[in-house]
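Student: Next come the chains, spelled out residue by residue.
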Amino acid sequence: MEKNSMTYTAVFSFVITFILVFFLALTHIVTKNRVSEYKRNYEISSILKAVGIKPKDREVQEQFKSVFNLELPTDEIMTAKIDGKDILVSKFSGKALWGTVNGIIAMEKNLKTIKGIDIISHNETPGLGGRIEEEWFLKQFQGETINKDKIKVVQGSGDGNYNSNDGIVDGIVGATRTSHSIEVMINQKIKSLREEAGNE
Amino acid sequence: MNKYKGIFRENLWDNNPVFVQILGICSTLAVTNSLTNTFIMTVSVVFVAGLTNFTVSSIKHLIPGKVRMIIQTLIISFFVIIVDLLLRAYLPAISKSLGPYVGLIITNCIIMGRAEAFAQSNKPLISLWDGITTGIGYMWVLMAIAFIRELFGFGSLFGIQIMPEGFQTWTIMIMAPSAFFILGVVIWIINNIKLSKESSK
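One line per chain: the protein sequences are Y and E, in this order. Residue numbers 1 to 200, in the working numbering, belong to the letters of the first sequence in order. Residue numbers 1001 to 1201, in the working numbering, belong to the letters of the second sequence in order.
Simulated from the structure, these hints should not be mistaken for laboratory data.
Derived DSSO-like pairs: lysine-lysine, alpha-carbon spacing no greater than 27 Å straight-line:
hint : chain 1 : residue 1 : chain 2 : residue 2
1    : Y       : LYS32     : E       : LYS1096
2    : Y       : LYS65     : Y       : LYS39
3    : Y       : LYS91     : E       : LYS1096
4    : Y       : LYS32     : Y       : LYS56
5    : Y       : LYS85     : Y       : LYS139
6    : E       : LYS1096   : Y       : LYS139
7    : Y       : LYS3      : E       : LYS1123
8    : Y       : LYS91     : Y       : LYS109
9    : Y       : LYS49     : E       : LYS1096
10   : Y       : LYS54     : E       : LYS1096
11   : Y       : LYS191    : Y       : LYS150
12   : Y       : LYS3      : E       : LYS1060
13   : Y       : LYS81     : Y       : LYS54
14   : Y       : LYS148    : Y       : LYS189
15   : Y       : LYS139    : Y       : LYS39
16   : E       : LYS1005   : E       : LYS1194
17   : Y       : LYS56     : E       : LYS1096
18   : E       : LYS1096   : Y       : LYS65
19   : E       : LYS1066   : Y       : LYS3
Only chain Y is shown next, with the shape it has when bound in the complex (with noise of 0.2 Å):
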């Protein structure tokens, strides 16, 4: 057959795309399992972390049963005594500069006192809007108290504000606009939540 001919040309696109996608699927399918459970451990991690309990590699599903006496997470509230307090535990998710934030709240049962929170996954620049995964980011939330329903994430020093009762929390330097959709997620999270406390 003619190499330059459509018939050809044609052909050969298909037997080499067929090839290239069956190896892909191939490969996809062998690490399926591995990449799924990782990502259920990482979630029950993140849960983990926002109540304030430190994850142990390959025990967290153990953990986790023993603190809230659930098999795995759901996407209902879950709730869990910790040091004798109450502590609900919600995900929350919402658009950020480059895509969409999941993450954990942790909050007492008055809904009036962040009990910590973490991020499970996102889009953001690494380096800058990255940094919300980072430990004195999330520290800033251990035990804050809302004032007038609501955090605020202002531009601070970008070294961590650790008042707890000032319901404000240091933004990242160099990304105003991932600060800003943290602060929005987690105030209408916190809105939402007492809605549904509020119904009950």
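Since the structure of chain Y is provided, determine the placement of chain E on it from the hints.
Tutor: Quick look at chain E alone, frame taken from chain Y:
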């Protein structure tokens, strides 16, 4: 053997993809604020460039001329997705911190450039070598830039704190523009070295 040695020297220094051909600049700006990320990213490029060259060279007689570049892109995408899947499964932490950049290796002009300029007209084994050494040429320049950026931007190297306590980190180093300036300085210094070598001959 001399041919292999010549290609090695060519790709690492005389015709380096980053500072001579000025290719792959986007990823140079994007990932070089951390040595670990840069290392994994550049190893992935070595892998993709080598195997793409090898594959393109192996089937070059079969590829119809008019879809040549589309097929090359297809092959590059294939290897990049393989790398992405493997990172997700075996190095999830790194895969997370690299974010969308692994997928963007597809758009790295170095790989397409080598496939088109070298693999199309050479034998598979030497094409594989050309791809690998081009990747290494890209790697060492990026690692050098990442070294400077991470050291001053975070005060650490490979995530290990190096600078003394109280060191004021330079936020500009974490941001993309700093890579732009550092790359400019690197190109300037290397061109000077090359010029002075040539003039002393």
